[in-house]
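Start from the sequences, fold in the hints, and give me the full structure.
Next come the chains, spelled out residue by residue.
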Amino acid sequence: MALAGGELTNVLSAFARLDDLDRRWLYAVLLLVIIVIGFVRVPLRIAPSKEAAMFFDTIESLDGRKPVLLQSDWDMGTIGELRAQFYNVIRHLFRRNQRFVIVSGNAIGPRFYRPAMTELANEFGKVYGRDWIAVGFRLPDPKGIAIEALSRDFHRFARVDDTGRKTTEYDWLRNVKTAGDWSLVISVSYGEFREYITYFHYSAGTPYACGVAAISSTQLYPFLSAGTMRGMLVGSRGGCEYEQLMGRNEFGTRFLAGQSAAHLLLIFAIFVGNIGALAKWVIARKESR
Amino acid sequence: MTLASIGNWVAALAVVAILSLLWRENRLYRVAEHLLLGLTVGFVAAATWAELLRPKWYQPFAEALSTRDPLGIFVGFSALALGCCWYGLYFPKTEWLSRLALGVVLGAAAGQAIKNNFTQQMPLVVTSFRSPIEISAGKVDWLGSLNNSLFLLALVTVLLFFFFSFDQKNPAVKLATRIGRFWLMVGFGVYFGNTVMTRLAVLIERVWFVTQDFVGSFFVRVG
Chain X
1 MALAGGELTN VLSAFARLDD LDRRWLYAVL LLVIIVIGFV RVPLRIAPSK EAAMFFDTIE
61 SLDGRKPVLL QSDWDMGTIG ELRAQFYNVI RHLFRRNQRF VIVSGNAIGP RFYRPAMTEL
121 ANEFGKVYGR DWIAVGFRLP DPKGIAIEAL SRDFHRFARV DDTGRKTTEY DWLRNVKTAG
181 DWSLVISVSY GEFREYITYF HYSAGTPYAC GVAAISSTQL YPFLSAGTMR GMLVGSRGGC
241 EYEQLMGRNE FGTRFLAGQS AAHLLLIFAI FVGNIGALAK WVIARKESR
Chain S
290 MTLASIGNWV AALAVVAILS LLWRENRLYR VAEHLLLGLT VGFVAAATWA ELLRPKWYQP
350 FAEALSTRDP LGIFVGFSAL ALGCCWYGLY FPKTEWLSRL ALGVVLGAAA GQAIKNNFTQ
410 QMPLVVTSFR SPIEISAGKV DWLGSLNNSL FLLALVTVLL FFFFSFDQKN PAVKLATRIG
470 RFWLMVGFGV YFGNTVMTRL AVLIERVWFV TQDFVGSFFV RVG
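Taken in sequence, the protein lines are chains X and S.
Throughout the first sequence, residue numbering follows my numbering, covering 1 to 289 in sequence.
Throughout the second sequence, residue numbering follows my numbering, covering 290 to 512 in sequence.
None of these hints come from the bench; they were simulated from the model.
It cannot be assumed that every hint is accurate.
[Unchecked claim] List time: in silico DMTMM-like cross-link candidates among lysine to aspartate or glutamate, alpha-carbon distance up to 20 Å:
id, chain 1, residue 1, chain 2, residue 2
1, X, K177, X, D131
2, X, K166, S, D456
3, S, K345, X, D162
4, S, K345, X, D153
[What the hints assert, rightly or not] The following residues of chain X were derived to be distant from chain S, with all beta-carbon distances above 10 Å:
id, residue
5, K66
6, H155
7, A284
Values in this document were obtained by computation on a predicted structure and should not be read as measured data.
Built from N, CA and C at the ideal position, the CB exists for glycine as well.
Have a look at this one:
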């Protein structure tokens with residue numbers, strides 16, 4: 001049924017009002033959706049992406065003879081995206097009985113990984129010093145110079161661990177010195193550290209995999225194709241994928257459900273806003289005639 | 290009230306105060322913003338000392354001084370002297386000192402950049418050379434071929450878009466640059482989408498902290 005001229009103008013004006021909608025209404029609806037979805041258990045199942053599966057397979061292929069170096073830089077600004085990544089990568093290392101050393105390139109980083117490690121160690125019955133150690137904030141800016149120093153002599157670079165004990169006192173770290181003495185380098189941070197490609201992958205053949213915030217991920221795909229990165233976890237999606245690869249359904253999955261709901265709302269708002277803009281344009285065109 | 294619960298109260302109030310900007314600019318937001326900046330600067334300064342300077346510079350230097358190790362004293366003193374040079378920036382007469390420290394950092398960074406270009410960028414250039422027809426196990430992999438063809442199309446057209454050495458009046462070149470622009474827009478769209486994803490993640494985490502961890506803790510206590 002075709003609309004009469006007057007009715008069409010009324011409909012168009014109603015749609016055109018959408019274009020002038022106070023943005024605060026959108027914020028209110030977005031907050032409401034986020035709050036509500038936080039209390040709902042969404043049975044979200046996602047297929048792991050190629051880059052997350054590569055990350056998982058890289059850890060699966062480790063034989064445990066050499067330790068893993070893990071740079072943990074997540075903090076308050078990235079906790080939403082990187083917490084699930086960090087937790088599940090550590091769970092994977094613990095499950096594989098793979099020893100590792102945590103280092104941070106963020107002054108606030110140790111305040112976040114320390115309580116997380118206490119929780120995870122209790123979950124797996126792992127012991128500090130025997131299964132892993134952490135050396136704290138050792139990678140200040142410029143990161144390139146610090147990473148180069150780390151690749152040359154770990155013990156001179158780190159000196160002591162979080163407990164003040166010399167790193168040379170740990171038996172399983174005694175033979176670790178240069179980049180080639182690590183089995184894998186992982187970073188969980190806002191962005192990637194390409195210096196690991198230069199000083200670990202290229203110089204010593206030690207593979208590098210990273211977990212990054214979604215905002216940093218776009219430019220990193222070519223590195224995966226080139227084989228200079230052996231896996232990548234992208235934001236909250238990467239955390240959820242890894243969690244599901246580990247056969248778990250916890251914070252990462254719940255968080256991605258919240259994120260998906262917020263994205264759907266944004267897509268809907270873009271659609272509605274464009275209808276409003278289109279209606280406004282049609283009205284303006286009609287009036288100019 | 291424990292120290293942790295005071296911390297939770299401050300955190301929840303700060304989140305609400307920061308988010309109040311969405312309603313409009315207000316004093317509560319300004320207070321929270323200044324609080325955050327002050328805390329961050331103070332915390333980073335303290336953490337840098339406790340986590341980095343004390344174990345990496347002060348302790349070895351003090352150890353070298355007590356054992357009278359000449360190399361340790363020289364290294365510790367050199368690091369101190371070079372570090373102090375940065376502060377020369379604040380006085381016109383000593384400004385040149387900061388350039389010494391800057392020169393060391395720039396020199397090292399420049400040297401690294403040259404190395405990085407070969408080790409990081411060259412593998413990417415090498416993998417850009419793809420055949421539009423991909424053969425897998427003696428057969429044509431049609432999906433792989435399509436992928437490679439699209440990749441090559443994007444590569445060539447985007448490179449043409451940024452080729453300004455001649456006037457792009459030729460209709461074929463014009464069309465190619467338009468396709469290149471289309472690919473660039475796709476790329477920017479992906480960047481923007483990922484940016485939104487990161488920003489939303491920050492919002493969701495904080496909103497859940499207030500509504501679940503903070504408010505939820507009262508219900509647990511009451512229950």
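Hint by hint, here is what the structure shows:
Using a Cα cut-off of 20 Å, the hinted pair K177/X and D131/X holds, with the two alpha carbons roughly 18 Å apart. Proximity of K166/X to D456/S is assessed by CA-CA distance (about 65 Å); at most 20 Å being required, the pair is judged violated. A threshold of 20 Å between alpha carbons decides the hint, and for K345/S with D162/X the separation of about 12 Å falls inside it, so the pair holds. Between K345/S and D153/X, the direct Cα distance comes to roughly 14 Å. Compliance with the 20 Å bound is thereby established for this hinted pair.
The Cβ of K66/X sits about 22 Å from the closest Cβ of chain S, beyond the 10 Å cut-off, so the non-interface label holds. With a minimum CB-CB distance of about 12 Å to chain S, H155/X clears the 10 Å threshold, and the non-interface call stands. No Cβ of chain S approaches the Cβ of A284/X within 10 Å, the least distance being about 26 Å, so the stated non-interface status holds.
When each numbered hint is compared with the structure, a violation occurs for hint 2 only.
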